[in-house]
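Those protein sequences? They're chains L and P, same order as listed. Residues in the first sequence are numbered from 8 upward in steps of one, following my numbering. Residues in the second sequence are numbered from -12 upward in steps of one, following my numbering.
The hints are simulated quantities; they were obtained by calculation from the structure and are not laboratory data. For each residue, glycine too, the CB sits at the ideal point set by N, CA and C. Be aware that a few hints might be false.
As a list, the in silico SDA-like pairs of lysine to any residue whose alpha-carbon atoms are at most 25 angstroms apart [claimed, not checked]:
(1) Lys65(P) with Glu48(L)
(2) Lys65(P) with Gly47(L)
(3) Lys64(L) with Glu93(P)
(4) Lys4(P) with Val57(L)
(5) Lys88(L) with Pro85(P)
(6) Lys64(L) with Leu83(P)
(7) Lys84(P) with Val57(L)
(8) Lys(-2)(P) with Pro115(L)
(9) Lys(-2)(P) with Lys64(L)
(10) Lys88(L) with Ser25(P)
(11) Lys84(P) with Lys83(L)
(12) Lys65(P) with Val57(L)
(13) Lys(-2)(P) with Pro14(L)
(14) Lys84(P) with Leu58(L)
(15) Lys84(P) with Arg110(L)
(16) Lys88(L) with Glu93(P)
(17) Lys88(L) with Gly(-10)(P)
(18) Lys84(P) with Lys88(L)
(19) Lys84(P) with Ser34(L)
(20) Lys64(L) with Lys65(P)
(21) Lys84(P) with Pro115(L)
(22) Lys64(L) with Pro85(P)
(23) Lys83(L) with Gly35(L)
Where chain L lies over chain P, by a calculated footprint (3+ residues, C-beta under 8 angstroms) [said to hold, decoys possible]:
(24) 3 to 17
(25) 61 to 71
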Amino acid sequence: GQNIDQPTEMTATEGAIVQINCTYQTSGFNGLFWYQQHAGEAPTFLSYNVLDGLEEKGRFSSFLSRSKGYSYLLLKELQMKDSASYLCAVRGTDKLIFGTGTRLQVFP
Amino acid sequence: GAGVSQTPSNKVTEKGKYVELRCDPISGHTALYWYRQSLGQGPEFLIYFQGTGAADDSGLPNDRFFAVRPEGSVSTLKIQRTERGDSAVYLCASSLKPGTSGRGDEQYFGPGTRLTVT
Chain L
8 GQNIDQPTEM
18 TATEGAIVQI
28 NCTYQTSGFN
38 GLFWYQQHAG
48 EAPTFLSYNV
58 LDGLEEKGRF
68 SSFLSRSKGY
78 SYLLLKELQM
88 KDSASYLCAV
98 RGTDKLIFGT
108 GTRLQVFP
Chain P
-12 GAGVSQTPSN
-2 KVTEKGKYVE
8 LRCDPISGHT
18 ALYWYRQSLG
28 QGPEFLIYFQ
38 GTGAADDSGL
48 PNDRFFAVRP
58 EGSVSTLKIQ
68 RTERGDSAVY
78 LCASSLKPGT
88 SGRGDEQYFG
98 PGTRLTVT
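One chain only, chain P, in its complex shape:
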């Protein structure tokens, strides 16, 4: 595939349940980002991976949120004990390693996963 893909596209879950959201980045992109976007707002940074390691997880709101990228490609965002306030669109983006190109290493976004917690 040419672009970033995310599954599922929609997820409805009950309060208190555990969910996993998957992101498949563009091949060759070592940097991977997770963002959360609420209605009428811009994307809010959650976590950034460079390769397999989380280089910056300062945006994760609390310890219910966790993300992994074990082989440096696919990433999974995991949310435990979901709350209604977690309802949002979760966007994944990938890019070349920052500083690689002179054009800003633009981030390419996936279509997002719309999470609804009832």
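One chain only, chain L, in its complex shape:
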């Protein structure tokens, strides 16, 4: 079966650091993606991991452990505009399988 788990909601304070975890069990694996989705808008690409380790891109970093079926998205120096849903998605062969998303609220 296919299963992707991530927390439903998280809160954090402006300027802080937050880590959003994702665990997955899928029948195939060709990479893990993180997308950001603001309410009422389309998902936008944040990061891609296919090998174990950390990928850093500005304030956002993403980590993958294939043996553990685990990833996290790390957001640093949080800004109010980071309030959004963060979607973890695994690619099996071609299609993406998404988790339900983590809604992050950043407070001043």
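With chain L's structure known, arrange chain P on it following the hints.
Below, chain P without anything else, positioned relative to chain L:
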């Protein structure tokens, strides 16, 4: 246009009616995907096109749903005999052919069509 476009942005229809949703992908993207997203959920895969052919339609929920991409660019998702449970946001995404780039061939999403079946 630079991005994926979808029309209409909103569609309200009565139960039992037929609807068509259109997606115009990024120029040069051979792969096109349709997803459905319900409130509070992640996008759910429906169908994937590589060029003109449906490479994977395993996500279509039943035979009321059908999609075409006759010239390998614009795609239309067609829903017959709509039901209230079909109400959702229908997202289209496009990408380079999977395996083309080393960066995962990220999918670019359109703004979606919000379908409401009354």
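Hints, verified against the model:
1. Lys65(P) with Glu48(L): holds (22 angstroms)
2. Lys65(P) with Gly47(L): holds (23 angstroms)
3. Lys64(L) with Glu93(P): Status holds; Cα separation ~15 angstroms.
4. Lys4(P) with Val57(L): violated (43 angstroms)
5. Lys88(L) with Pro85(P): Distance of about 31 angstroms is beyond 25 angstroms: violated.
6. Lys64(L) with Leu83(P): Given pair Lys64(L), Leu83(P) holds - Cα atoms ~22 angstroms apart, limit 25 angstroms.
7. Lys84(P) with Val57(L): holds (17 angstroms)
8. Lys(-2)(P) with Pro115(L): With Cα atoms ~37 angstroms apart, Lys(-2)(P) and Pro115(L) exceed 25 angstroms; violated.
9. Lys(-2)(P) with Lys64(L): Between Lys(-2)(P) and Lys64(L) the Cα gap is close to 38 angstroms, so the pair fails against 25 angstroms, i.e. violated.
10. Lys88(L) with Ser25(P): holds (23 angstroms)
11. Lys84(P) with Lys83(L): Between Lys84(P) and Lys83(L) the Cα gap is close to 33 angstroms, so the pair fails against 25 angstroms, i.e. violated.
12. Lys65(P) with Val57(L): violated (34 angstroms)
13. Lys(-2)(P) with Pro14(L): Measuring from Cα to Cα gives roughly 32 angstroms; hence the hint is violated.
14. Lys84(P) with Leu58(L): Within the cut-off at roughly 20 angstroms; holds.
15. Lys84(P) with Arg110(L): violated (31 angstroms)
16. Lys88(L) with Glu93(P): Satisfied, since the Cα-Cα distance of roughly 23 angstroms is no more than 25 angstroms.
17. Lys88(L) with Gly(-10)(P): holds (22 angstroms)
18. Lys84(P) with Lys88(L): Since the Cα atoms of Lys84(P) and Lys88(L) sit roughly 32 angstroms apart, the hinted pair is violated (cutoff 25 angstroms).
19. Lys84(P) with Ser34(L): holds (21 angstroms)
20. Lys64(L) with Lys65(P): violated (39 angstroms)
21. Lys84(P) with Pro115(L): Outside the cut-off at roughly 42 angstroms; violated.
22. Lys64(L) with Pro85(P): holds (23 angstroms)
23. Lys83(L) with Gly35(L): Roughly 31 angstroms separates the two Cα atoms, so the pair is violated.
24. 3 to 17: violated (count 0)
25. 61 to 71: violated (count 0)
When the structure is compared with the earlier hints, violations turn up for hints 4, 5, 8, 9, 11, 12, 13, 15, 18, 20, 21, 23, 24, 25 and for no others.
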